[in-house]
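Here the protein sequences line up with chains A and B, keeping their order.
For the first sequence, this note's numbering assigns the number 1 to the initial residue and increments by one for each residue that follows.
For the second sequence, this note's numbering assigns the number 1 to the initial residue and increments by one for each residue that follows.
Do not take every clue at face value.
Since the list gives no way to pick out one identical chain from another, each pair is judged satisfied if it fits inside one copy or across any two copies.
[As the list claims (entries may be wrong)] Simulated pairs of lysine to aspartate or glutamate, EDC-like, Cα-Cα distance not exceeding 20 Å:
id, residue 1, residue 2
1, K146, E259
2, K364, E128
3, K66, D339
4, K102, E175
5, K355, E94
6, K134, E368
7, K337, E374
8, K12, E128
9, K364, D349
Derived from the structure by calculation, the hints contain no laboratory data.
Protein chains: 2
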Amino acid sequence: MIQASKSSEIEKIENGSILTPKGYQAGGIHSGLRYRKKDFGLLMSETPASVAAVYTQSHFQAPPLKVTQDSIAGRGKIQSVVINSAVANACTGEEGLANAYKMREMIAERFNLPADYVAVASTGVIGEQLPMEKISYGCNSVELSKNGDKDFQQSILTTDTCQKHACYQVQIDGETVTIAGAAKGSGMIHPNMATMLGFITTDANIDSEDLQHALGQSIDKSFNQITVDGETSTNDMVLTLANGQAGHSPLNEKHSDWEAFQSALQLVCEDLAKQIAKDGEGATKLIEVNVTGARTSEEARIIAKKVVGSNLVKTAVYGLDANWGRIVGAIGHSEAKVDANACDIYLEDQLVFSKGTACPFSEKQASEDLDNEEVRIAIHLGEGEGSGMAWGCDLTYDYVKINASYRS
Amino acid sequence: MIQASKSSEIEKIENGSILTPKGYQAGGIHSGLRYRKKDFGLLMSETPASVAAVYTQSHFQAPPLKVTQDSIAGRGKIQSVVINSAVANACTGEEGLANAYKMREMIAERFNLPADYVAVASTGVIGEQLPMEKISYGCNSVELSKNGDKDFQQSILTTDTCQKHACYQVQIDGETVTIAGAAKGSGMIHPNMATMLGFITTDANIDSEDLQHALGQSIDKSFNQITVDGETSTNDMVLTLANGQAGHSPLNEKHSDWEAFQSALQLVCEDLAKQIAKDGEGATKLIEVNVTGARTSEEARIIAKKVVGSNLVKTAVYGLDANWGRIVGAIGHSEAKVDANACDIYLEDQLVFSKGTACPFSEKQASEDLDNEEVRIAIHLGEGEGSGMAWGCDLTYDYVKINASYRS
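The following block holds chain A by itself, in its conformation from the complex (with noise of 0.2 Å):
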């Protein structure tokens, strides 16, 4: 049990998926894309859905979000989400949205539904044109089901090791509301936006605007505060679906429980995101960074994403060195305002730098802590009341094995 800000409790759903929310259905298949793996999702909702969407903030945008963007701007709402790996479709010019506007065609035409109910997503190979007759066999074999949440999280994955889902439930009006998420994510991940893809589903009754209010205040504080190498994507995005058949009243600002709602909505997005950033590509850990004391939060939150996103932390932390002095490097070239002279830096418990000089430590305790699949570091920069967190990984030889080889 998580205690959310105010008196409602949010429960974590340990084998919950996008299908615990009522009312939704899900798929994923082989279509042909990738050598073996499934690479073909569906997600469906039985009604129409409100929607919220954060889009990757490249100036090189791929197809499949511009006809997101356009599914969205038609009636506001959204009822299907389709999907495929392995090819991103970015890069691809005009050929490359007409294939997108197709894949979104073919399955409204399926499934009898308008054609901006339904939104696309892709991940893979910057560059490459979607090979159509292998997306139309997705586009027409691709199943249903109320337990196709595993094929459908499968589906989505490229260089991941594991499938990423969060559930979580809070009660509304004393109904149980049910949020959940699947993502992918494990290499160009860098914040603005997250650069990876996210679905989440809720049962929630609330409109397109106040959902879209409500992923944007969970997403700054979680996607957009993981790297694992400082890329950002062409293709990413987290698109939020509510069907609202909870049956609660309307949620918006003014409703009681609004915050338990972004509350669980928050720990959702947290959730995958630390799940994306442990799996991180040829990662060993996770890796935690939490400042205090910044003149604000968003400093804060600026500083944790340098800390985490620093190579030499990074490999430290993989030879489980307690360099702090790299912590402090990576600290000392940021934007936000700094005084080493009243700063302090924890590895785990330990403080290992204060006011400016070094403190005496126990290195053996040290590299036993580094050790561990979670690794935490906190900074307390003594300007202010601002906070922020981040999260990344360890920087491994696997990473430049799986990066120097990617294509091949």
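Assemble the complex: chain A is given as a structure, and chain B must be docked to it using the hints.
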């Protein structure tokens, strides 16, 4: 022969060093800070020299930099630079500052100089106090000579695999003026400032203010445009001494040979910067990124640095994989103005991406091109007249190896 912007010719002196300009001596010894390698160096001008310096922008500027700034503020002249490797004397508080001052005083006393004629530099591990017995031994034992250049060049290195030096000559008022430099830098290499140490000597006759102006111009297009790992160190600076012994009329912006001097200084900086990038930790090759057609030259430099600093680009180059999608990824998340539909990307001579779409190209040729010691990526943005370059290196298993165990 390299043609300078005006009529003067600039000549590269292949075997030249910081002791090629008139009136300088240097030396380097093993003082015991490192296990066996030279770790203590001294550079001396026969006469007080004009001085210009640029320092790391880190919030955690180390004590030696503060002492150097204090020295320069004294009389605006410098005669000597003392430097140790192995211990950076960073994050060492009041004790560290006192030690850096002691280092300065020992040299001043031994060579009978005013204390503020001595600059101090350190490089190495952050957070340890200088072992002052060894430093004292170094200050009292290092010997100066006209052929101590290689010893000096060696003594300033840490994880560098080779010495870095450059020397150029230019005619000013018909007199030969020499500008030369020695540098160190291998990891923690990223702009603002260059996260390395650079020592430039010249016999040009120029006052400190004009020298500072010329250095600033050169740094922006050289040391600030290299990156190995996106990290900025606490200790790094470029220090330039000009002792006037070439005997021409004083140089300033109104002098007819000013541009020739500026160009030659720029070449020294660029030459050293490229050597540092090429010797990046674990690197097997130099990557050069040339951006043209940007709105401004500043934006061009931002994008060039973003691409050359991308872990995914760096690993692809290491893997001889012409995965230009990663270049798109890196350009895509820069702050500069980019329109995918106006952008062209070249890998060496092959156009791989043009105006929003992939281009057919020879993968075989691309792999061969990537297998060279120097790899060139060119990006034309089609936005304006701004241009800029940046240099970096590939990301390899050895980078991880070196940095996972730096202190052990």
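Quick rundown of the hints versus the structure:
With identical chains, the CA atoms of K146 and E259 are never at most 20 Å apart, being 30 Å at best within one copy and 74 Å at best between copies. For the homomeric pair K364 and E128, the shortest alpha-carbon distance between copies (18 Å) is at most 20 Å, but the shortest distance inside one copy (50 Å) is not. In the homo-oligomer, the alpha carbons of K66 and D339 lie at most 20 Å apart only across protomers (15 Å), although the nearest pairing inside one protomer, at 44 Å, exceeds that limit. Taking CA atoms no more than 20 Å apart as the test, K102 paired with E175 passes in neither setting, with 40 Å inside one copy and 72 Å between copies.
For the identical chains of this complex, K355 and E94 are inter-copy neighbours only, at 11 Å across copies versus 57 Å inside a copy, given an alpha-carbon limit of 20 Å. Taking the shortest Cα distances, K134 and E368 never come within 20 Å of each other, neither inside one copy (49 Å) nor across copies (33 Å). Taking CA atoms no more than 20 Å apart as the test, K337 paired with E374 passes in neither setting, with 28 Å inside one copy and 38 Å between copies. In this assembly of identical chains, the alpha carbons of K12 and E128 never lie at most 20 Å apart, being 40 Å within a copy and 46 Å across copies at closest.
With identical chains, the CA atoms of K364 and D349 are at most 20 Å apart within one copy only, with a shortest distance of 13 Å there and 53 Å across copies.
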